[in-house]
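We have chain E; now place chain B onto it with these hints.
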Amino acid sequence: MSKPLIDAITDMREEDAVQLAQELLDQGTAPLDILEQCREAMAVVGQRFEAGDCFVPELILAGEILRQVSDIVKPKLTATATGKKVGRVVIGTVEGDIHDIGKDIVTFMLDVNGFEVRDLGVDVPASKFVEAVKQFQPQVVGLSGFLTLAYDPMKNTVQALKDAGLRGKVKIMIGGGQMDDQIRQYTGADAYGKDAMAAVALAKSWVK
Amino acid sequence: MTTDNWQKLTPSEKFEAHFKELISPQGVQFARPEVERAYQERVRMIKDVVQVKKPSRVPVCPTIGFYPFAYAGVTAQEAMYDTDKLGMALKKFHADFLPDSLSSAPIYGSGQIFEILDYKLYRWPGHGVPPTTPYQCVEAEYMHADEYDLFINDPSGYFARFYLPRVFGALGAWQMTAPLTDILELPFFGPYIVPIGIPPVQEAYQKLLEAGRAAMEWIQAAGAIDGWSLTTLGLPVLLGGFTKAPFDTLGDTLRGTRAIMLDKFRQPKKLLAAMDKLVPLAIDMGVRTAGLGHHPIVFIPLHKGADGFMSNEDFKTFYWPTLKAVVLGLINEGLVPYLFVEGGYNQRLDIITDPDIPTGTTIWIFDQTDMKEVKKRFAGWSCFGGNVPVSTLKAGTPEDVKTYVKRLIDDVAQDGGFILSTGAVLDDAQPENLHALIDFGKEYGVYR
Chain E
5 MSKPLIDAIT DMREEDAVQL AQELLDQGTA PLDILEQCRE AMAVVGQRFE
55 AGDCFVPELI LAGEILRQVS DIVKPKLTAT ATGKKVGRVV IGTVEGDIHD
105 IGKDIVTFML DVNGFEVRDL GVDVPASKFV EAVKQFQPQV VGLSGFLTLA
155 YDPMKNTVQA LKDAGLRGKV KIMIGGGQMD DQIRQYTGAD AYGKDAMAAV
205 ALAKSWVK
Chain B
14 MTTDNWQKLT PSEKFEAHFK ELISPQGVQF ARPEVERAYQ ERVRMIKDVV
64 QVKKPSRVPV CPTIGFYPFA YAGVTAQEAM YDTDKLGMAL KKFHADFLPD
114 SLSSAPIYGS GQIFEILDYK LYRWPGHGVP PTTPYQCVEA EYMHADEYDL
164 FINDPSGYFA RFYLPRVFGA LGAWQMTAPL TDILELPFFG PYIVPIGIPP
214 VQEAYQKLLE AGRAAMEWIQ AAGAIDGWSL TTLGLPVLLG GFTKAPFDTL
264 GDTLRGTRAI MLDKFRQPKK LLAAMDKLVP LAIDMGVRTA GLGHHPIVFI
314 PLHKGADGFM SNEDFKTFYW PTLKAVVLGL INEGLVPYLF VEGGYNQRLD
364 IITDPDIPTG TTIWIFDQTD MKEVKKRFAG WSCFGGNVPV STLKAGTPED
414 VKTYVKRLID DVAQDGGFIL STGAVLDDAQ PENLHALIDF GKEYGVYR
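Sequences listed follow chains E and B, in order. For the first sequence, the positions run 5 to 212 when the numbering used here is used. For the second sequence, the positions run 14 to 461 when the numbering used here is used.
These are computed hints drawn from the structure, not numbers from a lab. Keep in mind that this is a model prediction, so the values were computed, not measured. Careful, some of the hints might be misleading.
To be verified - Label-pair restraints from in silico Cβ distances:
| hint | chain 1 | residue 1 | chain 2 | residue 2 | range |
| --- | --- | --- | --- | --- | --- |
| 1 | E | 198 | B | 204 | 49 to 57 Å |
| 2 | B | 163 | E | 75 | 23 to 31 Å |
| 3 | B | 141 | E | 27 | 44 to 52 Å |
| 4 | E | 75 | B | 165 | 27 to 35 Å |
| 5 | B | 172 | E | 19 | 26 to 34 Å |
No residue lacks a Cβ here, since even glycine has one placed at the ideal position from N, Cα and C.
Same shape as in the complex, but just chain E:
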């Protein structure tokens, strides 16, 4: 087990990390082992984020490193390398709201924590959430929204899932700049998370 790649990622040394991944691959390290090291590194970054020792820029850079390493490694993958997923999440920014930064960070952190995430994008109508829940059968639905304009669309989305008879089958979490427990109650969601790690913790607690 070589540690340098993990250290390079957690130290935010982008060029070193990408170069090390290339070297490992050239030396014959299995592509899956390299991705596993990335996953370990991401877990460390996630823990630091949760502890307040690293911040959004570090998450974004780590994600960027991961993308570059994946680009190098994935063409060499022989087997279908999707590891065992811990659960499924449907996520999207609710209707009328086009903000995506928070949602993208949550999606990324869920992904590196082993969730299979279907990201419906921004300005997602309630009917599209219903459709996705029917098809993808997630355990968790994540509703993102930035300002007060997202409150009613979130409430409507929860209601639409209820009307479709799907409410009992999923746990719903909300997140975004002006979300809190009062809005959680108002929308009828199960929980609100204040950041990406809170979203991961909630999702994990629901798929146990």
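Frame of chain E, contents of chain B only:
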């Protein structure tokens, strides 16, 4: 406001001159003497809190977005396209709620103008988002990662030939134009003027002229709406000018959040150099816009320096130095920076309470920051306020709102220097909750 000896005045003399102009605005005819008195009393309250004094009562100035339209039964789209409806809604809102400052009509913009110019940086109601939804910014890398030097060498030229052609579809042909600084001597005039004759460039200027004509109609109507609220209800404008923190200028609409965060790692020196370049431009923008509005308070929304967006070390390196320079530049002109602190600033309080910022010169409106911690550091130094959750105004009861306001005033407002306001921009609320905020705030906020 300028006088012959303006440059010889001290910052505090300029401050006094600005407020003297604000409290007795030239050419304004109030409907009745008592309206004028109410206006002057409101301006006096604002001046008192800026100077960290106790006013007669806590001024109640919620940050209002598109809420007046929902309240008056007008869509956001109608508000941006029909100045009659815009005016009807704002007048009704102001008359019914009587806050201590007015929500200025021009900030809602004119959909026609943005359509003429094919503004791509935003989606607005009926134009990319639903008719009832406020306008929203579309983040992208409008400035590319390898363009820092172009920007640093000549920001205006960069805007004209790179940035604006990307964010305004109608101005795309401006990328074919030459820098104005090429216009040096008669024999070398050709390379500048010839491109102006190219049909798409001609068309771009035609569109700009068309937008300018539409703007004249719009601003007259929008200005009259504010004029009505001023002269009939005695409500002052709260924010006269506008500028931005250099990090946000780059991070919001030039590079975008994701890209600027990566720049911080990949090209920190260029990022810092670009922000240094923006400082005098940002000060100048604040000074000019405050001058146009004859109003010394300059709005500065803070976006990407909030808790979680970077470490304190990075904040001290990348965010605060240039923002501080802008703040000091405005204060030096007797202006009052109004820092609208979005998100949480719990980790930043010891940094922003910078001893170089003189007492009684700034306003800080917080959102999700612990107000008792703010009070500990701001008492006797600077005006602050905000923090009433928009979630409670939407999903709570009037009792919830009153309980929150009472606790807030008890906790942090007892010595003055405090503005009662929402934590975030209000687009959606229950009217009875907003009444509770304003009415109870006025009643409970009286200093005895």
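Outcome for the supplied range 27 to 35 Å, where the beta carbon pair is residue 75(E) and residue 165(B): holds (31 Å)
Just to be sure I understand the hint, the distance between the Cβ atoms of residue 198(E) and residue 204(B) should be within 49 to 57 Å; is that true here? holds (56 Å)
Range first: 26 to 34 Å. Now tell me if the beta carbons of residue 172(B) and residue 19(E) are that far apart. Holds, at about 32 Å.
Does the Cβ distance between residue 163(B) and residue 75(E) fall inside 23 to 31 Å? holds (29 Å)
Regarding residue 141(B) and residue 27(E), is the given constraint of 44 to 52 Å on their beta-carbon distance met? Holds: the Cβ-Cβ distance is about 46 Å, inside 44 to 52 Å.
Of the numbered hints given earlier, the model fails none.
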